[in-house]
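Chemist: With the hints in hand, could you dock these two chains into one complex?
Chains as they are written, first to last, in my numbering: chain A, 1 to 742; chain B, 743 to 804.
Each hint should be verified, as a subset may be incorrect.
What the hints assert, rightly or not - Simulated crosslink set (SDA-like; lysine to any residue; CA at most 20 Å straight-line):
no.	chain 1	residue 1	chain 2	residue 2
1	A	Lys594	A	Val552
2	A	Lys234	B	Ala767
3	A	Lys234	B	Leu793
4	A	Lys336	B	Val759
5	A	Lys336	A	Thr276
6	A	Lys157	B	Glu783
7	A	Lys306	B	Leu793
8	A	Lys234	B	Glu796
9	A	Lys594	A	Arg583
10	A	Lys621	A	Gly674
11	A	Lys157	B	Thr799
12	A	Lys157	B	Arg797
13	A	Lys234	B	Asp794
14	A	Lys689	A	Phe656
15	A	Lys234	B	Ala786
16	A	Lys157	B	Arg802
Said to hold, decoys possible - Listed next, the stretches of chain A that the computed footprint assigns to chain B, with coverage defined by at least 3 CB atoms under 8 Å from CB atoms of chain B:
no.	stretch
17	82 to 96
18	160 to 171
19	468 to 474
Unchecked claim - Covered by chain B, according to a simulated footprint, are these stretches of chain A (three or more residues, beta-carbon under 8 Å):
no.	stretch
20	239 to 245
21	275 to 282
It is worth saying that the hints were derived from the structure and are not from the lab. Small disclaimer: the values here were computed from a predicted structure and weren't measured. No residue lacks a Cβ here, since even glycine has one placed at the ideal position from N, Cα and C.
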Amino acid sequence: MSVAATAAQLEHFEYDEDIVRKFLWATVVWGLVGMLVGLLIALDLANPAFNLGFEYTTFGRLRPLHTNAVIFAFAGNAFFCGAYYSTQRLLKARMFSDALSRFHFWGWQAIIVSAALTLPFGFTQAKEYAELEWPIDIAIAVVWVGFAVNFFGTIAKRREQHLYVAIWFYIASIVTVAILHIFNNLSVPAGMLKSYSLYAGVQDAFMQWWYGHNAVAFFLTTPFLGLMYYYMPKAAERPVFSYKLSILHFWTIVFMYIWAGPHHLHYTSLPEWASTLGMLFSVMLWMPSWGGMVNGLLTLRGAWHKVTDDPVLKFFVVGVTAYGMSTFEGPMLSVKTVNSLAHYTDWVIAHVHTGALGWNGFLTFGMLYWLAPRVFQAPLHSRKLAETHFWVATFGMLLYVVAIYAAGVTQGLMWRAFDASGRLQYPDFVETVMKLMPMYWTRVIGGSLYIGGLVVMAYNLVRTWQARPATYAAAAASAPALRAAAAPAPAIVLEPAGGAWARFTAARWHRTWEGLPVTFTVLVAVAVAVASLFEILPTFLIRSNVPTIASVKPYTPLELAGRDIYIKEGCFNCHSQMVRPFRHETERYGEYSKPGEFVYDHPFLWGSRRIGPDLHRVGGKYPNLWHVRHMENPQSINPNSIMPPYAHMLRNDVDFDGIQSRVDAMAMLGVPYGASVTDAPAQAREQAKAIADEIVRAGGPAGLETKEVVALTAYLQRLGTDITRLPGDAQAARPAAPSGTH
Amino acid sequence: MKLSDIMGHAQLSGYAVVAMLIFLAVFVAVVWRIFHPAQAERWAQDARMPLDDERPTLPRQP
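Bound-form chain B, shown alone (with noise of 0.2 Å):
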């Protein structure tokens, strides 16, 4: 018996539904997530980062 025949016998089409599902629950976690308050104040200070060109905006810890 080859392994594409114990494949062919255990229903595995379904799995991708699954995992479209799964994946769309994490995009639902990153927006929801994304979107909170608490890291407004963070977010503006990054997107701020190409403008700076003499200093880093947060110098790095070694």
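Just chain A, with the same shape it has in the complex (with noise of 0.2 Å):
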């Protein structure tokens, strides 16, 4: 083979790189706000009062923010800093539009700053990583096509024949992101800002898991694998070890991290065989997986000696071990048996910060050190001190998950402990919480100290662009016109002798797709919408895989407005709503749940992390009064609880007369509500009254019939109680239950 040189005329461009400085500074200042929420909310852990006293600032509404804001504002914006900058490089072409680079920037902070918005104020889906509200769901839709547009449009007029493999990882990143996103936030809007997603019960689950899993892979890791492929030869000055396993590396992802989302609902409700291929695919992700850390890290080859010296390439070599560590974790946590152990515990948050601090924050890290002197045009002020943030971030990353393993591993052990005589060893919940104060405590500071070593970074970024020079010099490049090339073209001898079989094996093909772009972006999109097709299909389409119950009734509008409260106050961050089949769960929560259980939960709350303890069988535990105590003031009642205090549900007004459009908007999701979808509000207002009676009748305070607290008690005393009712019952227990049946 050999490639003949052309005489072909040259071309002279410029590279865009305003668009690169504005996502480097996006990338900054979002995860300077993003992390300081994460120090929020992890001393609200450590001690409620840090909850602040608002309604605003709680646990449940500030986490949201921080995830949100550390996935798609900071390392979103990591990512198009790294691709906007290396992509026009390999294609050798100037960004295909530069209005939509700039609708592209904008676009993405001004979604950003609406999350800021209206994640506080509890405006949310409750799906995790998809809390957004619909019209930002929308924004963000048409946002990510402006990009796409002008990703595919720069494709389209590259000069350089092969797509080099951060290119398709970045192909695989659009598409997937756009397919997930536009399936998993399919709702009926109820209001502006209120939605009710069109799955439920074990459906939603399984379509939000496919999304969270996969937002984790085609947000968190393959656009970063991308990033690693061109800046860790950039930096190293050395080609990629092996382009072969980086090939083999893509494709495997492509074929199996979709397929892997049901590992996240081992021993819940959804059916066991899908929750066995999730494991199955989870495992065999390990392979691909260290075959790019492998990749990553022996692109140093004979280049080691300059890790000593270099803080970029010291960034890169933690985060691409990190990337190892955590790709190890994952296929392990999705093990039937680890997971039995992990899920719900704070095991699976370290697990997560291992892959976001190590993984995308280091290789961000290290990327904006290459990428500001030359985007600056000044070199970077100090070395010293990006040596220091590499220290001190990997110190206290270090802090930070190690604390919290030992944490998960504590909380799940002690869950599941029962003592010589066959009892729950620790009954109480709150005492398993107690025994996680000196990790909890361990891991503000070491969260303190990676947000330190990222202050660091930004005044280290900040002083090299005030070095900058008064004018930018375009970063100018030439390439062959792509209509003078066709004269002399380049003699490219790919033919082997020996007919069709060798030429299969000699790899034409795949040469050939990775000229037709569109062909290459079809296939991947194929990859991806088969598997979750086989994957998800059978559990819509086949009636066993949720069985139905006949006593389980929808909610009556009251109850359903103070689901709605517990999905605004975000208490689902916190509580599980389903009980796993194991013997420690049903002696301490009851019996365990059932997939006819969930049929009505647009969306589904089963949640994913128990700091405190499972809900669903909590109806009929407590009465009325101690659930407007706790409310009130959890510690009135639990002196250790670490719950905020929801004082303002005994203040607010429930919105009564909004109850019926999201009655409505239930019924149009097919819930039977009967007579409720024209007197909802009447239902709603007289179910108040009865509860609010039956308060001050157990010495309670009285004028509690129009407030949230009264509503939310509707919805908890409900709670998993449906399944020990007869079906004729279901009428008398509830004076304004819905009629419909299912």
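Modeler: Shown next, in the form of structure tokens:
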């Protein structure tokens, strides 16, 4: 094979570095914001006083803000920053449209700001990493399409024949994120900032974790792998260790990742075949993931001496190592027996922070230190400060994850411990929480160090920027013009002897794909879609996967309003609603959860973490007045509780008039609401008065019949009680119960 | 009769395993093909693409 030099006429053009600088600053600013919110909610768990006494600053409201800020604002802007720089150079072309680049940048920042303005006020879809309400979801789709048009337009006008593997990873990310975002966020609006998921219960859980896991895959993994395959060779001044391995890495990630989502739902009401399938693919994912890690690290072969001097390479080495650690741990956590211990515990939090702080964070920091001198056209202000950042952040990260791993394993073991008499050794849930306090404080210290490192980087970058020239020099480049290249076409000898089989084995078909980005993109989309459909559709279409229960009825209008308050406050961030079929869980919480109990749950609220106890069987466990006292001041019920006070629920009124539109939206989704679709507010007021009167009779405060706490109490008292009622009892038990059946 | 009833009687759950096996076969084929020695030189050329900031590794034909 040989490539003949072309004598074609050169075209001169300039890369757009302004957009790279914009995304660089956005990465730094949102990184600081997102991590500071993370520090605040870490303090919330160490001491509930840090909830600050405002309804807008509780853990439940701010946790989604933290996750959205670090994933979509910090990591998202980092990906865009790195991609805009590398894409132009790998394709030897300026971006397709500067206007679209600016639209992407400002649109994305507007989305982030809208998230910051809605999440603390309780506007949420209650789906992890997909909390933003429907108008913002539409904005995300529009901005993403703008990015995609700009990206694929650049590919179309490229001057480089082959697409480097980093571009493949970017393509897979752009296509798959679009698919995930659209299908997981399908919902029916019930107001300007309120909607209900199109799916219910088991199906909603399945869709959510198909999305949730693949958001990790295609927003935090594949884009950053693309960045690794570009910036690691640049920083090491060495080609990637094995291009073959990078191709293998790409296709196996694309084929396998999409199947792995159900491992988030082991031992829940998800059908077991789906759970097992998710586990198998998760274990198989270990292979390509470590292939990528090895490929990244071995790119430094012969250049390891540079690591001692270069902070960029230091960040990359630790980042890629963290990728290896978390992608070993991920498959391990997906094994059912390990998962039975780790699920709902802080172990999972430690796992995601190894990935987020180590892999995404360190790769981003290394990339920004490499980019800053180039896009600001000034030497890095201080290499020593960058070194300081590296060591402080590394120590902080280790402190964080080691403490939280210890917390997770402690939690899991304490929850399942039985004493010699066969009873739960720690029947009071708060005992297991108190044991974690030293680890929670250690996390605060580790997280503070990590943020301290980020502050040092921000200072270093600002000082570098201050030394920029008065006017940036254009990032000029040249390449043979497309129209001229046709005449002396490069002579590519790619024809082995031996017929069609030999041509197949010589991989010409793959070369052809690379030259046809549209075909390539469609193939990626097909791989993702086929895997998704094979796994998800049976759960939707085969009735036996979600057996119905005759006594399970829709929520009453007041219970629905209470459920919406539960969602608004983000209670699902600390409390699960899924009792797993283990003796230690049924002893602690009650009968294990059945798939048919969730058929009217739009969205599902199983949760993924137990900072507090599971609530699926809390209905009827305590009197109404207990719930009022508990919401007003949790520490008055249990002095060691770390739950924030929700006294505002005793002051805030229920929006009775708004209940009708919510019931109507649920009815539109097929929930059989019967007579409630015409007089939901009246039914809700009637049930609220009955509960408020009962609270007064029990010695509680008067005048609560219009307050949020009554609606929430109605919902909590309903939770998990349907299966203990005979079908005919449903009406009698709740005066305002809907009359429909399913 | 609803679509879910028809699908419920079609015994389709096993097809997820079939799909998994197909994917596994594709994986094996990709591994075998990538490591075929015929393309070693081309992969080495592509591996240098990030390092070439000046000219395309292989100029594209229109």
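Chemist: Out of the numbered hints, which ones does the structure contradict?
Modeler: Of the numbered hints given earlier, those the structure breaks are 2, 6, 10, 19, listed in rising order.
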